[in-house]
Each structure stands twice: as structure tokens, then as C-alpha cells.
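Peer 1: Sequence:
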Amino acid sequence: MGAQPAVFLDRDGTLIEDRDYLSDPSGVRLLPGAAEAVERLRRSGYRVVLVTNQSGIGRGYFTEEDYARVHRELRRQLAVAGTELDGSYHCPDAPPAGPGDETCRKPAPVLYRRAEGELGLDLRRSWFVGDKASDVAAARVFGGSGVLVRTGYGESERSKVFRSCAVVEDLAAAARLICSTKGVEPPR
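The sequence shown begins at 16 in this note's numbering and counts up one residue at a time.
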């Protein structure tokens, strides 16, 4: 079997409610319809992979262990709802101090390439979903498709995304769109 397409999801504002620098697992709240959207994507043959910038670690606001506790709670809530993620990657870097600073922060390709190698993914046939332009920008880099959700920061980010990027209400609407185009060449 060849490489599989994936749906790369942002976390804050896309999958869960955005809470600035979330470090307490009690603050994890799945957005309405998010768990069902993850399961729908998985049933349609997509690998669902979380890719998230977590600059709060690099800024010293919380630790890697705090992030891990929040992530365990997210996984627990998804499991209770009957689904799971196929992979999860986070970047702990604070925003770069200047041009040329190396980082794994989205939209840099580092985390996507790691997922590609570890999970056997086809990035060209993949979708990149989030509430910020940086979440969907990788679609242009890899030749995939982008979907901006209006939850979180989505409404204020609409003017920053590339023209062929779809804009939908939420993750449930993104899943409907993605599943409806399965096997159809995505717009470029």
C-alpha cells in the first residue's frame, strides 16, 4: 500500500476552544462537532494528525510536561467520544527573533516532514486545516489543500490565506468538504 493522505489539524481554535497558552488540562474543551469530524475523516481513509505551535513552552509560560498533560486530556476526551488521532506533533519554539532563525513553527515544513516519514503520508494529497494562515500555508508548500475554519482566529485571518484555500464555519464543515472531495483532484 502506498503513502496515505492525511488531514493535518491545528489544535487551539480548530479542535479545541482557544485558551491563550493552555497549560491546565481542566481547560480542554472540544469544539462542538470536532470529535465527530475527526472520526468521519478517519472512516473516510484519512490519517488525522495534530500539528500545533506551542510557543508558551519556549516563552517559559508552561513546560513540556504541562503540554503533555493537556494532550493526554485531549486524547482522553476524543477516546470518550469514540475516536483518536493518528499522530501528534508540536513545536515548542517561541517565534523566531529574526529572519533566518531556524524553527519548527508552522508553516515550516519540519513537523509535516516528520509526520510524513513516521506515518507514511502523502503530503501532496493531504489537507491542512486550522484557524490561522500559518496552519493552512503548508498546503502551498506541499501541493495539498487548505481549509480555514472560522472558529478561533479564523474570521480575522480570512484575508491572509491564499485564494484557493476553502473557508468554512468549523471542523465539522471542513470534514464534510474534505470527505465530499475524496478521490477528486483538490483545487490548487
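In short, the hints are calculated from the structure, not lab data.
Among the clues, some could well be false.
[As the list claims (entries may be wrong)] Restraint-style ranges between C-beta atoms, simulated for each label pair:
| # | residue 1 | residue 2 | range |
| --- | --- | --- | --- |
| 1 | E184 | E117 | 19 to 25 angstroms |
| 2 | D39 | T196 | 34 to 40 angstroms |
| 3 | D35 | S195 | 29 to 35 angstroms |
| 4 | F177 | R44 | 27 to 33 angstroms |
| 5 | A96 | G60 | 16 to 22 angstroms |
| 6 | D35 | G97 | 28 to 34 angstroms |
Source: prediction; values computed, not measured.
Idealized CB from N, CA, C, for every residue including glycine.
Peer 1: Now look at each hint and say whether the structure bears it out.
Peer 2: Evaluation of the provided hints:
1. E184 / E117: 19 to 25 angstroms: Violated, at about 36 angstroms.
2. D39 / T196: 34 to 40 angstroms: This hint holds: roughly 38 angstroms between Cβ atoms.
3. D35 / S195: 29 to 35 angstroms: Given about 34 angstroms between the Cβ atoms, the range holds.
4. F177 / R44: 27 to 33 angstroms: 30 angstroms, holds
5. A96 / G60: 16 to 22 angstroms: Holds - the Cβ-Cβ distance for A96 and G60, about 20 angstroms, lies within 16 to 22 angstroms.
6. D35 / G97: 28 to 34 angstroms: Between D35 and G97, where Cβ atoms are some 29 angstroms apart, the hint holds.
Comparing the model with each numbered hint stated earlier shows that hint 1 is the single one that does not hold.
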